[in-house]
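A.B. asks: Protein chains in written order, with my numbering: chain A, 3 to 470; chain B, 3 to 470; chain C, 3 to 470.
Read the hints as simulated data drawn from the structure, not as lab findings.
Errors might be hidden in some of the hints.
Put simply, identical chains are the same to the list, so a pair is met inside one copy or across any two.
[Claimed, not checked] Keeping only pairs whose Cα atoms sit at most 20 Å apart, straight-line, the calculated SDA-like set for lysine to any residue is:
(1) K114 x S26
(2) K467 x G76
(3) K467 x E159
(4) K114 x H446
(5) K467 x G106
(6) K467 x E77
(7) K114 x G76
(8) K467 x G302
(9) K467 x A148
(10) K467 x A211
Here the structure is a predicted model, which is why all the values come from computation and not from measurement.
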Amino acid sequence: MTRLELHPDRLLPADPALRDVARSIYESVRDLPIISPHGHVPVSWLADDAPFTDPTSLLLSPDHYIMRILHANGERLEDLGAGGTPLDAEQSRAAFRTLCAHWGEFAGTPVKLWFEAQLVEIFGIDLLPGPDTADAIYDTVAAQLATDAFRPRALYERFGIELLATTDDPCDPLADHARLAADPTWHGRVVPTFRPDHYLEPARAGWNALIDTLGGVSGVDVDSYAGWVAAMEDRRAYFRRHGAISTDHAHLDARMEPLPADVAEALYAAARAGRISADDGATLRRHMLFEQARMAVDDGLVMTLHPASLRNHHPATFERFGPDVGADIPISVEYTRALAPALGAFGTSPNFRLVLFTMDETVYSRELAPLAGFYPSVFVGVPWWFLDAPDTMRRFREAVTETAGFTRTSGFIDDTRAFLSIPARHDVSRRVDAGYLARLVAEHRLTVDEAHAAAHTLVADNPRKAFL
Amino acid sequence: MTRLELHPDRLLPADPALRDVARSIYESVRDLPIISPHGHVPVSWLADDAPFTDPTSLLLSPDHYIMRILHANGERLEDLGAGGTPLDAEQSRAAFRTLCAHWGEFAGTPVKLWFEAQLVEIFGIDLLPGPDTADAIYDTVAAQLATDAFRPRALYERFGIELLATTDDPCDPLADHARLAADPTWHGRVVPTFRPDHYLEPARAGWNALIDTLGGVSGVDVDSYAGWVAAMEDRRAYFRRHGAISTDHAHLDARMEPLPADVAEALYAAARAGRISADDGATLRRHMLFEQARMAVDDGLVMTLHPASLRNHHPATFERFGPDVGADIPISVEYTRALAPALGAFGTSPNFRLVLFTMDETVYSRELAPLAGFYPSVFVGVPWWFLDAPDTMRRFREAVTETAGFTRTSGFIDDTRAFLSIPARHDVSRRVDAGYLARLVAEHRLTVDEAHAAAHTLVADNPRKAFL
Amino acid sequence: MTRLELHPDRLLPADPALRDVARSIYESVRDLPIISPHGHVPVSWLADDAPFTDPTSLLLSPDHYIMRILHANGERLEDLGAGGTPLDAEQSRAAFRTLCAHWGEFAGTPVKLWFEAQLVEIFGIDLLPGPDTADAIYDTVAAQLATDAFRPRALYERFGIELLATTDDPCDPLADHARLAADPTWHGRVVPTFRPDHYLEPARAGWNALIDTLGGVSGVDVDSYAGWVAAMEDRRAYFRRHGAISTDHAHLDARMEPLPADVAEALYAAARAGRISADDGATLRRHMLFEQARMAVDDGLVMTLHPASLRNHHPATFERFGPDVGADIPISVEYTRALAPALGAFGTSPNFRLVLFTMDETVYSRELAPLAGFYPSVFVGVPWWFLDAPDTMRRFREAVTETAGFTRTSGFIDDTRAFLSIPARHDVSRRVDAGYLARLVAEHRLTVDEAHAAAHTLVADNPRKAFL
C-alpha cells in the first residue's frame, strides 16, 4: 500500500526560483475565510444538522465529476447511486470499492486532488485509494461521520466558511433557509440563489405548469406578460428578503435581447396557449433574460451567467437517471454581441453587477477580459465546471489578467454538491493563483508587495466586490 | 560547418527540478514498440521490399510538411517533385540542395526535429543541413539506401514497429496487403484502413462513377439506397477480412445525422440521377456518416474522424499538382451537437469506439475531453496534422487531462507518408508526454510511480484499447 | 514611497537555466532600430516639432488602454480628457492624480510595464505612481517636456526609430507628411497608411458624403462603380507618392469576395442612391475589399487586415466621447474561407503581401500559421491590440512557430497613439521573444546560434520583408 501524503508545496511551481515566493504568497491567503457565492449544497444539511449516513452517499453519488469518469471507464451509473438510485449498505460499500479500484483513472484530474485532500485533511487518512484500501477507508470515514465533529455545522465552522450560497427554484418557499436563519444556535450564513432557468424557456415542455405555479406562489395573475414580470419581481423580492445576493442563469446562449412590448406580449400569449415555436421560445427567453438584467438594476441582485452547456447529451441516461450525472457537454459561446443590448442599457449603471462564467476558454482573452476591462458592471467569472483545475486556472489568469488586471474577476466559486470538497477546491485555487503571481514576481513584472496585494484582491476583495 | 548532434535530453523540460524525473519517465517508455494505427505509408513498399531509389523521392517529395514550408519561403513545387512531378538524378539532387539551403526556415518546426533525428539516428550523419553540406548528406543517404539494411522491411524491424496502418480506398482490392500478409518471410503487421470519404459526398463531382465502381467491386446493385448500404457493408467486411481495424473519415464537419428512410432513399435517388444540390448532398453525407457509425457498432471497426480541413485551398496548385502538397487549411469544428445523434444512439454500446481528432485546438477542453470523460466509446485523438509538435502536444495534455484523465486518449498516431520519420515522431511524443508528467510530479500532483504508470498508459495501453 | 526600478532581466524567464541564454539573445537585438509600420501617432507632432504641453494630454488622454481600465474601475471618462474633452491645468493634474491613485489596478497589465518604463527610461523618475507621488511625477514630467530634448523629433531620434507609419483617411491631403518630408533638417522617415474602412461600407450612414469627397479629391466621377475603382486607385497612387507602404483594413469580418461586374455595379448604384440594405452593403464591402487586394497586386502596397472588433460597444459612451476610448470589444474571426477567393487569385503573386492580424487567438494555430505556412504572400501579424502583452506574445510564438517557423511573421507593430510608449512596447516584444527562444535552446530544439539568428529574423528581417 502506498502511503497517501499531501505535500505542503503541492501545486506550487517546481522551479526553486518561484517556489519560495509562491509559498509566501500562498501562506498569506491560505487561511482567509471561504466565500462561496455559487454552489449546490442542500441547505437542509445545515438546517437539520443531522449526521451524514455513509461515505458513498456523501462523497460519491452526488458528485457528477466522479460519476462521469467512472462511467467513461466502464462502470454503470446505477451501481454508483446515480440519480437517487437507492443503495443498501452492501451496495454503498461496493460502490466505494469501485471508486477506489478505478483510482488510477483519476490521475491528472482535480478530483484526485480534492478527494485525497479530503481524506487526509478532514478524515486524517493516509491510505491511497485502491482495491486493497477501499474497505479501510470506507470504515474510517463512516466511523467519523457518525461523530458530532463531522456533522454539517461542525464542518461548516471547521472549514472557515463565511458565506455559502445554495441554488433554488424561484417558487421554493425557502423554508429551510428561514429555519436555519432563525436558529439562534447557528452563526453562519447560508443564502439562497434565484435560478429561474426553466421559467424563462417558454417552448420547453412543462413551462406552462411552472408559470401556473409561479402565479400561485406569488399571488399574481400570470395570464398576461405584465403578470409574468410582476410575479418574477415578487419572487426576486422574496428571495432578497431571505438573504439572496444573486440570480443565476444557464441557457444555451448568453443573448439578452429586448423585444417591443407588444411583441413580448404576443409571444407570451402564444406560449401560455401552448403554441410557441422553438425559435420564438428562444426569442422570448432572450427578452426575459434582458428583463432579469433590468430587474437586477432595480433590486441589486447580482446576475451570474453560466451559458452554453448542452444538458443531458445522452438521452437514455437522462431518462433513467435524470440530470446532473456528468452528461452535460459544453458548446462554444459568444458574449460580445449577445450582451451588447443589455450592456448598452445597463453596463454603466452603478447598481448592476454581471458575472460571466464560461466553459469555453476562447472567450477569456477575446471577449470577457475586454468587456470587464471597460464596463464597471462586468466581472469575469473564474474557472468553473470542467475548468476548475490547476492548469486551466493558470491559463485563465494568463488569458485575463493582461487585459483586465486583478480587480475585474469574480473570486473563486466552488459550484459543488460535494460539501466536503469545498475547502480543497478553494485551496487549489489559492495555490494556483499564488504560483501565477510568483512567476510575475520572478519575471520582475510585479514586486513581492504588489503580488501579495494582488493575492489578497483575488481571495478577499473580489468576491465581496462582485457579490456582497 | 556546424556539427549536427542530438542531445539525449532534447525536448525534456530545461528546469533541473523536472529534467531528472522526465528522463526517468521517458526512458521507461522510449523503447516500447511503435503502434501506428493511422498513416499513409504505401503498403507496396513493404510488400515489394525494393530498395529506395534516392533521398529526394523518399525524404522530400512525399512530405507535404516540408513541401509547404519551402513553398511559403519562395520555392516552386515543381522543382521539389510535388504531385509526382518526375525528377531526374540532377533534379533530385537540386531539390535536396534547395531543402538544405532553406534549412534555417525550418527552425522551430517539428520538421527540423524529425529530419535531423533521421539523419543522425538512421543514417549516422553528423552534418547540419545547409548549402555546404547538401551534397555530402545526399550522397551518404543515397549510398546507404542502396544497401540491404535500408530496405523497407529491414527498417520496419529496426524501427520496432508492432503495427502499421495504411489508408485505402474502399474499392481497393488490397492485393498488396494480401501479398504481404501471405509472405512467410514477413513477420510484421500492416493493416489497411477503410477511407470512404469520396463515396459519402453525393454532390461531389465524380460521385456517381465511384458508386458505380463500388457496385461493381462489391457485386451489389447500388441503384437503391439499400444497395449503397449493402455495398458499404460488403466492403467493410472485405477490409476486416484483410486485417483492417478502423475506418477513417474526413469531411468539412463532424455531423452524423440520421434521416428517415424515405428521405434518405429520395436523396440517394436524386444523387444517383445527378440532380442533388450541395446542401442536400451534405445532408445525405451526414446521414451516410451516421450509417458508418451504425455499421461500426455491428462490425467492430473503430471509427476515426478527422474533420474540418478545407482541402486544396489554392485551386491553381491543385490543378497542377493534385492534393496533399501542403495547401489544406483547417477551419473551426464543432463536435458536441454534431455527435449528439450518433452518441445518443451508440455512445454506450460496448462494441463502439470513436476516436475524435482535430486541427482546432479549441475543442480539446471544451468538447472532446468532456465527451470522452463521459462516453466509454469516445477517445480523444492525440495531436495530429499541424498540431503534432512539441508545444502543441503539451497544450493538448494540459487541455484534456484535467477533464478526461490519461485513459481516454487514443495513443499517438504519426499520420505520415514519410516512413523514415515514424520513429522520430513517436519519440517526440514520448518525450513531450514525459515532460508533462514530470511537471505534475514536481508539483506534487502525481507521485513518481503514478507518473510512470501514466506514461505506460499513454504509450502502450491507450492505442491498444482504442484500436486493437 | 516605493522606489521604482526596472530590473535589467525583467520579462526574461526566471529559470536560471534559461535566463542567461535569454539575456544573451535579448542583448543581441535590444538596440536594433525600431521599425513601426502600423501606428497612430499624429504626423503633425513631428512636422511641427512643438513641445508637448502637459503630461496628461500626452500620456493619459490619448491612450485607450489606460482609459478603459480607469473606467472599468469606476472613473468617469470626462474627467480623464476622453474624446478631446478639454482639461484645464488643474483638471489635467487631477486626471493624472486619478491615474496614479488607481495604479494598483494596472498590476498584471502591459500598461504598467510600458508606463513605468517611460518614467524610468525617458524621464529618469524613480517613484512608483501612487497617491503620494502623483504630483512629483507630474511636475517632473512637465518640466522635462518643456525642454528641447523632449520635443518630438528629439525623442524620435533618441528612440532609435527607423520608420514610423501613421494611419490616414484616403482623402487626407497628407500635407503634414509632405511638409515633414520636405524639411531638410529632418532625417527620419514617417509614412502615411491608406485606411479606407469607411469608404468600403456602403450601408453605413455618411458613406455617400465620403464618396462625394473621394470624387472631389481625386477628380474622378464616382457616380459609377468604375469611378469608385478609379478614384481609389488614384488615392492609393497619391499615398504611394507620399511614401505609403501599406493599406490597413478593419471590418467586422475578413471576407474578400468578388462579385460579377454587373452585380457590383448594380449594388454600387443602389448604394449611391441611398437604397442599399445592410446585407447588400456587406456584400459590396467584401467585393470592394477584394478589389483592394487586386489593387495591391498592381501597386505593391502591403495589405494589412485587422478585423472583428465590435466598435463602440457602449452607445452612450460613443455619443458623448466618440471612438477610441476603450469600448471596442473583439468578436471571433474566420480567415480560411474568408480569404479563399483572394488567395486563390493572388496568393502566389510575387507582388502581393497580406499581413493578417487578430484579436481572436484561436486562429493562430488553426488558420493563420497554416495559411502563412503555404502562401508566400501571407504573413502572420504579431500580437496587436489587447494581445500585445507578455504572456499573450509567448502564446502567439508557441501557437504559430511550430507550423510556420520564424520567417512568416510580420515583425512587431506597436499600433499606438502613445508616442512615448513605443520604445517600451518594442522592448517588451524583444524580451518575450528572447525568452521563448531561450526555452527552445534549453530544450535542445535550437542551438544558441540558431536562436540568435531567429531573434535577428524576428526583429530585423521580418518587418522589412513584410513591409519594406
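A.B. asks: Each hint: holds or not?
C.D. replies: These are the hints, each one checked on the structure:
1. In this assembly of identical chains, K114 and S26 lie within 20 Å of each other by CA distance neither inside one copy nor across copies; the values are 25 Å within and 23 Å between.
2. Taking CA atoms no more than 20 Å apart as the test, K467 paired with G76 passes between copies only; the shortest distance there is 12 Å, against 44 Å inside one copy.
3. Proximity of K467 and E159 under a CA criterion of 20 Å is satisfied in neither setting, with 23 Å inside one chain copy and 46 Å between copies.
4. Taking the shortest Cα distances, K114 and H446 sit within 20 Å of each other only across copies (12 Å), while inside one copy they are farther apart (34 Å).
5. Taking the shortest Cα distances, K467 and G106 sit within 20 Å of each other only across copies (16 Å), while inside one copy they are farther apart (40 Å).
6. In this assembly of identical chains, the alpha carbons of K467 and E77 lie at most 20 Å apart only when taken from different copies (16 Å versus 43 Å within one copy).
7. For a Cα distance limit of 20 Å, the shortest separation of K114 from G76 inside one copy, 18 Å, qualifies, whereas the shortest one across copies, 41 Å, does not.
8. Only within a single protomer do K467 and G302 lie at most 20 Å apart by alpha-carbon distance; the minimum there is 13 Å, versus 54 Å between protomers.
9. For the homomeric pair K467 and A148, neither the shortest alpha-carbon distance inside one copy (39 Å) nor that between copies (42 Å) is at most 20 Å.
10. Taking identical chains as interchangeable, the C-alpha atoms of K467 and A211 are never at most 20 Å apart, the minima being 37 Å within one chain and 48 Å between chains.
In summary, the numbered hints that this structure violates are 1, 3, 9, 10.
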